[in-house]
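Participant: Read off the chains here:
2 protein chains.
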Amino acid sequence: MVNLKVNYDEYIPLRDIVFKTLREAIITGDLKPGERLMEIKLANELGVSRTPVREAIRKLELEGLVIMTARKGAEVAPINEKDLREVLEIRKVLESLACELACKNVQPENVVVFEEINAKTEEAVKNERIEEITKQDVAFHEAIYSITKNDRLVQMLHNLKEHIFRYRLEYIKDMKNKGTIVEEHKKIIDAIASKNVRAACKEIERHIEVQEKYILNTLIKEAK
Amino acid sequence: MVNLKVNYDEYIPLRDIVFKTLREAIITGDLKPGERLMEIKLANELGVSRTPVREAIRKLELEGLVIMTARKGAEVAPINEKDLREVLEIRKVLESLACELACKNVQPENVVVFEEINAKTEEAVKNERIEEITKQDVAFHEAIYSITKNDRLVQMLHNLKEHIFRYRLEYIKDMKNKGTIVEEHKKIIDAIASKNVRAACKEIERHIEVQEKYILNTLIKEAK
DNA sequence: CGATTGTATATTGTATACAGTATACTATCT
DNA sequence: AGATAGTATACTGTATACAATATACAATCG
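So the sequences go chain by chain: S and F.
When we follow my numbering, the leftmost residue of the first sequence carries the number 340, and every step to the right adds one.
When we follow my numbering, the leftmost residue of the second sequence carries the number 340, and every step to the right adds one.
There may be inaccurate statements among the hints.
Copies of the same chain look alike in the list, so a pair counts if it works inside one copy or between any two.
Taking lysine-lysine and the DSS-like style, the derived pairs with C-alpha atoms no more than 27 angstroms apart in a straight line are [to be verified]:
(1) K541 / K488
(2) K474 / K526
(3) K421 / K371
(4) K534 / K421
(5) K359 / K371
(6) K421 / K488
(7) K421 / K500
(8) K443 / K552
(9) K443 / K541
(10) K411 / K359
(11) K500 / K488
(12) K488 / K552
(13) K359 / K488
(14) K421 / K443
These aren't lab readings, by the way, just hints derived from the structure by calculation.
Since we're looking at a predicted model, the values are computed, not measured.
Generate the whole structure from the sequences, applying the supplied hints.
Facilitator: Structure follows, in structure tokens:
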């Protein structure tokens with residue numbers, strides 16, 4: 340018999356496509372903070388009916404990317420310093436937990452992967468390829484997540500990272516800090532490789548704090 | 340002029356009512372793990388149309404309380420040891436963060452509130468009033484959250500706690516551990532009152548670990 | 001001219017209708 | 001009898017229709 344498995348993952352409901360599309364638009368800033376999300380308009384633009392749009396908005400609401408006002412509708416959640424601080428405060432302890440779990444589960448082959456990613460990051464930094472730096476940075480953190488064996492944690496970190504992205508796109512353009520990323524990642528890799536939980540947590544927290552500082556600088560600059 | 344503020348919070352969309360109703364039903368076990376959530380059936384039972392039911396399900400999906408299968412529908416997420424461990428692992432670090440922030444922000448009057456709640460808990464334990472113990476336990480943790488000044492953290496902890504509730508209802512009935520709650524809370528209060536971050540974190544983590552142990556015991560017993 | 005009311009329009013909230021797929025059951029064939 | 005195909009039914013996915021409310025603008029009154 341031929342292996343003709345009907346791939347169930349193949350079918351993606353419109354609501355999920357709309358959800359991802361809108362989320363992407365919010366994260367990239369295509370939809371600006373405060374901008375209203377009008378169902379009919381979005382439906383027309385996306386070529387679907389209101390139903391999938393509404394369902395997508397419900398999810399965005401729970402993710403905190405849009406704010407609902409009863410009978411008025413949804414608007415893109417504002418970004419501000421308080422929000423950023425809150426998210427990073429949480430992300431810091433969750434990334435730290437991820438590192439702790441990574442220390443417990445790490446295998447030699449994982450370390451190889453970490454180092455490969457970091458080599459690519461270094462390369463990207465040399466060539467000043469910002470897109471690539473971002474991509475590899477994400478890949479690095481994902482690689483850590485993947486060995487935590489805590490699916491819910493991974494999901495939550497994904498979610499938080501998307502929020503950060505709303506800010507980070509600006510920050511990453513600031514090339515001043517690009518050199519330190521590689522070094523910071525190196526320290527984290529070493530700590531995890533040697534299963535040094537304390538050091539790993541310390542380094543990842545510092546790593547996030549560095550980010551925080553740069554992003555806040557950018558925010559303040561923009562406000563001026 | 341008369342103060343006739345039209346309370347905007349007064350109006351609650353059906354989808355939110357349905358959402359809360361279904362969530363409650365899942366948490367209390369009224370809707371059992373694995374049970375299918377059929378839209379028409381639920382709509383009829385609740386006396387609404389499918390639309391608000393669907394939107395509520397979308398939110399439950401993102402909260403992880405229901406699992407979607409494309410074109411088949413939603414079913415109540417199963418509860419199992421892995422899920423519980425994952426949630427508690429996360430909750431531990433987030434509660435710990437909450438305590439850390441509480442240490443930073445705590446005022447004398449907050450401590451008074453903590454102690455009042457714990458006195459009520461002790462009273463409830465004496466009278467073996469399980470409902471009341473649960474209520475006061477929740478109030479205690481909420482009281483800590485309320486001084487963290489991190490709204491997103493509070494929201495996430497709320498969410499996690501609801502998941503735990505699916506398990507805890509069983510565990511709290513096990514009266515063996517009821518005595519220790521008051522002591523544990525006392526230690527946490529003292530640590531926060533003296534702004535001893537390290538001790539507060541240690542105690543809250545231990546507090547959650549105790550819970551975890553009891554819940555897991557209950558789960559294993561039930562599996563038999 | 002400013003304030004207020006009335007009215008039209010836009011938008012959300014909710015219900016319903018229609019289309020397509022999955023599931024269960026029955027009938028048929030071997 | 002067991003397997004397969006056919007068919008009816010149930011349910012989700014999507015679109016649309018209708019109702020209620022918010023918003024903006026014009027008309028009216030003082």
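Participant: Any hints this thing doesn't respect? Which numbers, in order?
Facilitator: none
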